[in-house]
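Asks: Sequence:
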Amino acid sequence: MSSLFRSEEMCLVQLFFQTESAHNCISELGHLGLVQFKDVSTLCCACVICVCVCVCVCVCVRYLEKEMVKSNIVIAATKEKEMVPCARDVLELESTFEKLEQELREINRNHATLRQNLIELMDIDSLLRMTEDFFEEVLEINFSFLPPSEDSVFVAGVIKQERFPAFEKVLWRLFHGNFVLRHAEIQATEELQAVRGAVKKDVFIIFVQGDHVREKIRKVCEGFRASLYSCPKTLYERKQMSNSVMTQMEDLRMILRRTEEYRAGVLTRAAEHVQEWGSKVKKMKAIYYTLNLCNIDITQKLIVAEIWCPVSDLAVVQNALIKGSEQSGSSVTPVLNRIQTQQTPPTFNRTNTFTEGFQAIIDAYGVGTYQEINPAPCTIVTFPFLFAVMFGDCGHGLVMTLFAVWVISQVTDVVIGGRYIILLMGMFSIYTGLIYNDCFSKSFNIFGSSWCVRPMFHPHGPWQNETLHEYHHLQLNPSVPGVYSGDPYVFGIDPVWNIASNKLSFLNSFKMKMSVILGVSHMLFGVTLSLVNFVHFRKFQDIFLQFVPQLIFMLSLFGYLIFLILYKWCITLRSETAPSILLLFINMMLFDYQSEHVLLYGGQKGLQIFLVLTAVLMVPVLLLVKPFLIYRTRMKTRHQVSRAISSAELSEVLWRMVLQVGLKISSGMGSLMLVVLFAAFAVLTVTILLVMEGLSAFLHALRLHWVEFQNKFYEGSGYKFTPLSFDSLLKTQQQ
Numbered sequence: 001m002s003s004l005f006r007s008e009e010m011c012l013v014q015l016f017f018q019t020e021s022a023h024n025c026i027s028e029l030g031h032l033g034l035v036q037f038k039d040v041s042t043l044c045c046a047c048v049i050c051v052c053v054c055v056c057v058c059v060c061v062r063y064l065e066k067e068m069v070k071s072n073i074v075i076a077a078t079k080e081k082e083m084v085p086c087a088r089d090v091l092e093l094e095s096t097f098e099k100l101e102q103e104l105r106e107i108n109r110n111h112a113t114l115r116q117n118l119i120e121l122m123d124i125d126s127l128l129r130m131t132e133d134f135f136e137e138v139l140e141i142n143f144s145f146l147p148p149s150e151d152s153v154f155v156a157g158v159i160k161q162e163r164f165p166a167f168e169k170v171l172w173r174l175f176h177g178n179f180v181l182r183h184a185e186i187q188a189t190e191e192l193q194a195v196r197g198a199v200k201k202d203v204f205i206i207f208v209q210g211d212h213v214r215e216k217i218r219k220v221c222e223g224f225r226a227s228l229y230s231c232p233k234t235l236y237e238r239k240q241m242s243n244s245v246m247t248q249m250e251d252l253r254m255i256l257r258r259t260e261e262y263r264a265g266v267l268t269r270a271a272e273h274v275q276e277w278g279s280k281v282k283k284m285k286a287i288y289y290t291l292n293l294c295n296i297d298i299t300q301k302l303i304v305a306e307i308w309c310p311v312s313d314l315a316v317v318q319n320a321l322i323k324g325s326e327q328s329g330s331s332v333t334p335v336l337n338r339i340q341t342q343q344t345p346p347t348f349n350r351t352n353t354f355t356e357g358f359q360a361i362i363d364a365y366g367v368g369t370y371q372e373i374n375p376a377p378c379t380i381v382t383f384p385f386l387f388a389v390m391f392g393d394c395g396h397g398l399v400m401t402l403f404a405v406w407v408i409s410q411v412t413d414v415v416i417g418g419r420y421i422i423l424l425m426g427m428f429s430i431y432t433g434l435i436y437n438d439c440f441s442k443s444f445n446i447f448g449s450s451w452c453v454r455p456m457f458h459p460h461g462p463w464q465n466e467t468l469h470e471y472h473h474l475q476l477n478p479s480v481p482g483v484y485s486g487d488p489y490v491f492g493i494d495p496v497w498n499i500a501s502n503k504l505s506f507l508n509s510f511k512m513k514m515s516v517i518l519g520v521s522h523m524l525f526g527v528t529l530s531l532v533n534f535v536h537f538r539k540f541q542d543i544f545l546q547f548v549p550q551l552i553f554m555l556s557l558f559g560y561l562i563f564l565i566l567y568k569w570c571i572t573l574r575s576e577t578a579p580s581i582l583l584l585f586i587n588m589m590l591f592d593y594q595s596e597h598v599l600l601y602g603g604q605k606g607l608q609i610f611l612v613l614t615a616v617l618m619v620p621v622l623l624l625v626k627p628f629l630i631y632r633t634r635m636k637t638r639h640q641v642s643r644a645i646s647s648a649e650l651s652e653v654l655w656r657m658v659l660q661v662g663l664k665i666s667s668g669m670g671s672l673m674l675v676v677l678f679a680a681f682a683v684l685t686v687t688i689l690l691v692m693e694g695l696s697a698f699l700h701a702l703r704l705h706w707v708e709f710q711n712k713f714y715e716g717s718g719y720k721f722t723p724l725s726f727d728s729l730l731k732t733q734q735q
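Numbering follows this note's numbering, with no gaps: position 51 of the sequence shown is 51.
Hints may contain errors.
[Unchecked claim] Here are the computed lysine-lysine pairs in the DSS-like style, where the Cα-Cα straight-line distance is at most 27 Å: (1) Lys-66 x Lys-282; (2) Lys-200 x Lys-219; (3) Lys-216 x Lys-200; (4) Lys-169 x Lys-219; (5) Lys-568 x Lys-605; (6) Lys-38 x Lys-568.
Hints in this document: simulated from the structure, not taken from any laboratory.
All chains, full assembly: derive it from the sequences and hints.
Replies: Below you can see the structure in the form of structure tokens.
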């Protein structure tokens with residue numbers, strides 16, 4: 001069987017190469033991405049220092065990228081496949097990054113200091129401008145509580161607006177109102193918001209008597225982290241200080257602009273190469289980490305490594321090693337020695353952009369055992385199909401398909417990993433929706449219905465106008481000429497069911513029976529695949545102790561249930577008197593044959609007794625014989641009938657309760673109401689039917705595959721093949 005249905009055949013290879021060619025050889029294997037290294041080191045990791053150096057450089061790269069994003073500088077992408085630097089370039093690259101980081105950090109420190117100085121000058125400027133009103137207001141107050149011989153002193157500063165109420169309360173409780181406090185909010189200009197942010201501050205000035213009280217107030221200000229500034233008493237001195245502050249602010253603005261320009265220039269030059277440098281350093285780190293897994297010979301001239309590699313790619317790996325050896329100038333060609341081992345190889349399933357999402361669904365259940373059948377190729381069809389059986393609505397499926405097409409058309413690959421799963425789920429939903437003839441809970445008469453109501457009202461027909469008033473429920477008679485064309489509807493459910501009162505009952509019954517048929521067939525397919533696994537691994541004992549009893553058990557019960565469904569569908573002449581399949585199956589399990597109407601065909605009683613007894617006899621074989629013979633107790637059987645979830649009822653409710661209300665309004669207001677109601681209908685359709693019902697159907701499809709299908713043949717006890725791959729490494733870190 002091809003590697004599409006089984007994991008790749010792997011082999012354990014011993015690799016010998018010289019120390020001078022090790023860097024280039026591992027680099028070529030990393031670009032190849034087909035080799036997984038085993039840890040054969042003797043706790044003597046010679047490249048630990050180099051790994052630490054690479055880690056430090058990666059930290060510098062992340063710091064630079066963070067600063068570039070903060071400054072809205074576009075990071076240039078690597079145009080070509082960058083080469084991995086040589087081993088001697090590690091220290092040089094580290095020195096370059098350290099100098100660049102130190103320079104940038106120094107620039108940021110200076111910029112932060114200048115910024116803080118500018119904020120303080122802005123606060124002083126606001127303080128000087130607002131204190132004029134404060135002084136004029138205080139001079140007009142008659143301080144009866146202050147001795148006339150003493151001159152009043154004051155404390156001025158700036159405090160955060162959120163702290164001012166508590167600050168004022170503390171002052172009143174400490175000094176009992178023996179002070180004059182004035183404050184005002186600093187008006188936030190665009191420049192002030194750009195420098196300081198959204199922090200709101202108040203300017204305050206406190207007039208008191210005596211230096212002792214002033215010192216106490218200063219301590220309170222320090223406790224509330226208020227910034228205190230010296231403010232001259234005379235108007236002339238305040239104007240001189242204001243002019244000096246304005247001059248200093250202009251100088252600081254000019255220095256800040258030049259600092260930002262210089263910082264932007266440094267980051268712009270680094271942005272042209274930072275992604276390339278980062279990729280190189282990450283590759284170097286992976287190379288040195290891999291070298292730590294190898295065993296270095298005592299002579300320090302030979303490196304021994306053990307690798308897992310696909311057998312089909314041994315020649316490609318050999319060519320990559322030769323290429324790496326030639327690049328390093330080594331005269332000795334690396335040697336590959338395939339060795340025999342009893343260790344279980346890793347599981348390697350080749351995937352592409354389309355299949356990796358389905359393989360991820362399988363691996364989420366458990367990584368497959370080495371060389372067992374891979375369910376992913378089957379899941380590509382069965383998973384979206386079973387989802388569509390439960391979700392089936394061609395209108396909702398079309399919306400889902402268009403969304404998936406839009407996601408796939410995006411340039412980036414990291415938008416949605418399962419975009420192709422969504423695409424297939426939408427396409428299969430369109431298919432099953434056409435079978436159900438269901439589009440947003442409405443049916444389409446595409447090919448022309450096989451039934452016609454008009455002949456029933458023929459002058460000689462069974463219906464008259466009075467019949468409609470007398471009977472609420474009428475049934476079409478196919479024996480009346482012209483009522484039934486004799487041929488079924490071309491594709492799917494006949495649209496005549498849209499006007500039937502038992503529409504939902506019929507559709508739910510049809511979907512339930514189809515779900516039983518599809519679910520049991522899916523489980524039987526899984527049991528059949530277990531036979532292929534047993535033959536491949538030469539477990540012939542399991543064929544007779546597991547496969548055969550399990551197949552007989554399922555066919556005796558669920559296979560017979562499918563037979564009853566199909567047989568009842570085929571007997572059209574007796575369909576009106578045929579018994580319920582549910583009651584028939586229950587009576588079969590209870591051996592209840594007293595009522596004559598439970599028999600569907602001749603010899604049914606004897607056949608059903610035989611099938612039930614056969615199924616019962618298979619139970620001890622499945623549960624007891626195999627554990628007794630092969631000394632293990634891990635045996636698990638679970639049989640469930642898959643159920644279909646019909647979103648047609650919810651869609652029908654949305655149609656009647658929302659959109660149909662606007663369609664019933666015949667006046668001009670109906671058009672306006674229809675626009676509003678359609679918006680509500682669209683929102684509810686997306687949120688409830690597409691998202692909630694879609695997620696519910698997705699989870700049920702996941703359960704059907706994990707519980708009902710894969711556990712029949714899939715052990716999932718392996719471990720994943722994790723090769724040294726630079727592409728996967730960079731892709732993972734980008735995500």
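Asks: Next, verify each hint and record whether it holds.
Replies: Evaluation of the provided hints:
no. : hint              : result
1   : Lys-66 x Lys-282  : holds (17 Å)
2   : Lys-200 x Lys-219 : holds (22 Å)
3   : Lys-216 x Lys-200 : holds (26 Å)
4   : Lys-169 x Lys-219 : holds (15 Å)
5   : Lys-568 x Lys-605 : holds (16 Å)
6   : Lys-38 x Lys-568  : violated (61 Å)
Hint 6 from the earlier list is the only one contradicted by this structure; the remaining hints agree with it.
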